[in-house]
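*Asks:* Take the sequences, apply the hints, and build the full model.
If you read the sequences in order, they're chains A and B.
Note that the working numbering numbers the first sequence so that position 113 is 113, with each residue one more than the last.
Add 196 to a position in the second sequence, counting from 1, and you land on the number used in the working numbering.
In case anyone wonders, no lab produced these hints; they're calculated from the structure.
Check each hint, because a few of them may be wrong.
Part of the chain A face toward chain B, derived, beta carbon under 7 Å [stated by the list, open to error]: (1) T20; (2) L40; (3) A58; (4) S81; (5) P83; (6) L110; (7) L112; (8) A137; (9) V150; (10) I175; (11) F183; (12) F187.
It should be emphasised that the depicted structure is a prediction, and the values quoted were computed from it without experimental measurement.
Where a beta carbon is used, it is the ideal one built from N, C-alpha and C, also for glycine.
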Amino acid sequence: MIDLIWLLLFVTGIATALFTGRMPQVSEGILSGAATGVELCIGLISVIVLWMGLMNIAEKSGAISLLSRVLRPVARRLFPSVPVDHPAMGAILANMSANILGIGNAATPLGLRAMKELQTLNPNKDVASDAMCTFLAVNTASITLIPTTVIAVRMQMHSAHPTSVIGPTILATAIGTVAALCFDRLFRAFSKRRRV
Amino acid sequence: MQSTLIHVSEWLLPILVATILITGFVRRIPLYNTFIDGAKSGFGTAVRLIPHLVAMMVAVQVFRVSGAMAAVIHWMTPVLHLFHIPPEVAPLGLLRPISGQGSLALMIDVFKKHGPDSALGLLASTMQASTDTTLYILTVYFGSVGIRNFRYALSVGLLADLVAVLASVLAVYVFMGHGL
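*Replies:* Structure, rendered in structure tokens:
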């Protein structure tokens with residue numbers, strides 16, 4: 001899927017350039033695009049390094065497990081098929097906490113661990129379980145408290161209020177997450193009915 | 197009301213940093229060394245992003261400078277207008293679920309043209325921050341455990357992204373106190 005989209009961006013771009021006569025700009029854009037990509041990463045190093053350092057302190061001091069405890073009642077409702085004391089629940093909670101704190105880089109490894117644990121509960125190893133679908137719905141539309149990358153880029157671009165994005169993000173992600181959970185339940189109800 | 201909300205936003209990060217440090221201190225964690233240990237892995241993570249960013253930025257650049265993006269936006273505008281999405285940030289909303297790095301590039305573009313503190317800049321920021329790259333998450337998460345049948349997960353993810361994009365417009369409206 002990502003292959004197709006990547007290909008389409010190039011092919012439609014180059015095809016359009018044939019008509020608009022912008023081939024020199026396209027050829028220059030290929031090289032400048034690559035340069036922008038690298039520059040962007042160099043600029044991001046500062047915030048990622050800072051955040052990974054702070055998160056290490058939060059993890060060692062037990063702040064993350066405290067947040068997990070707060071989220072536990074919610075998680076029990078969301079994943080009724082996962083036993084509370086199963087390692088899958090711990091991994092799910094750690095991933096949700098990382099997502100809320102806006103540390104996507106930490107969330108991914110934790111999420112993969114959760115998937116591995118959920119797979120042990122899955123009767124059909126080829127097909128996504130209900131809990132997995134809910135878990136991914138929560139992950140793709142995650143409630144975010146601090147969008148670190150966006151704040152970093154805003155700072156880089158000399159924003160006067162780089163963190164002013166936090167408020168709107170909390171509201172938008174809250175709505176998105178509720179929608180994701182509703183769609184998840186709705187689609188599940190439909191798929192169950194079709195099978196019966 | 198609006199300015200209070202923005203102040204809360206600005207206070208959140210310093211408060212969180214202070215909370216993390218104080219909690220660590222109370223629990224007798226060697227703060228400085230623990231920070232350094234964690235931060236070391238941050239450099240590698242940032243560097244690992246380079247190939248992804250280069251790949252997407254080149255493709256997006258080709259799509260943009262050729263005039264193809266302007267054409268797409270041109271015929272999407274009436275549809276998006278229906279949902280009160282300004283045409284300047286519409287491509288970002290369309291690209292966000294497909295490529296986080298690609299839409300990041302579009303967000304920077306909006307910043308360059310309109311400034312990060314403009315209503316459009318704030319909307320672009322919120323859209324970028326408010327959903328994750330659905331396509332990437334599904335591929336990586338399901339791929340890691342060998343699930344081949346995603347069932348309804350992709351539909352749920354993309355529909356939720358659409359809601360998040362619309363919710364971003366609403367959220368910026370609420371926080372800025374005026375339309376776009």
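*Asks:* Taking the hints in turn, state whether each one holds.
*Replies:* Right, here's what the structure says about each hint:
Taken as an interface hint, A/T20 checks out: its beta carbon lies about 4 Å from the nearest beta carbon of chain B, inside 7 Å. Satisfaction of the interface hint for A/L40 is found here, the shortest Cβ-Cβ separation to chain B being roughly 6 Å, below the 7 Å cut-off. Hint on A/A58 holds. Least Cβ distance to chain B is approximately 5 Å, under the 7 Å limit. At about 14 Å, the closest approach between the beta carbon of A/S81 and any beta carbon in chain B exceeds 7 Å, and the interface hint on this residue is violated.
Annotation: interface hint on A/P83 violated; nearest CB of chain B at approximately 19 Å, more than 7 Å. A distance limit of 7 Å between C-beta atoms decides the matter here; for A/L110 the minimum to chain B is near 11 Å, and the interface restraint is violated. Residue-level restraint check for A/L112 holds (minimum Cβ-Cβ distance to chain B is 5 Å; threshold 7 Å). For the restraint placing A/A137 at the interface with chain B, the shortest Cβ-Cβ distance is roughly 5 Å, inside the 7 Å limit, so the hint holds.
The criterion of a C-beta within 7 Å of any C-beta in chain B is met by A/V150, whose closest approach is roughly 4 Å, and the hint holds. Interface restraint check for A/I175: the shortest CB-CB distance to chain B comes to about 4 Å, inside 7 Å, so the restraint holds. The beta carbon of A/F183 comes within 4 Å of a beta carbon in chain B, closer than 7 Å, and the hint placing it at the interface holds. The criterion of a C-beta within 7 Å of any C-beta in chain B is met by A/F187, whose closest approach is roughly 4 Å, and the hint holds.
Hint compliance for this structure: hints 4, 5 and 6 are not met, and every other hint is.
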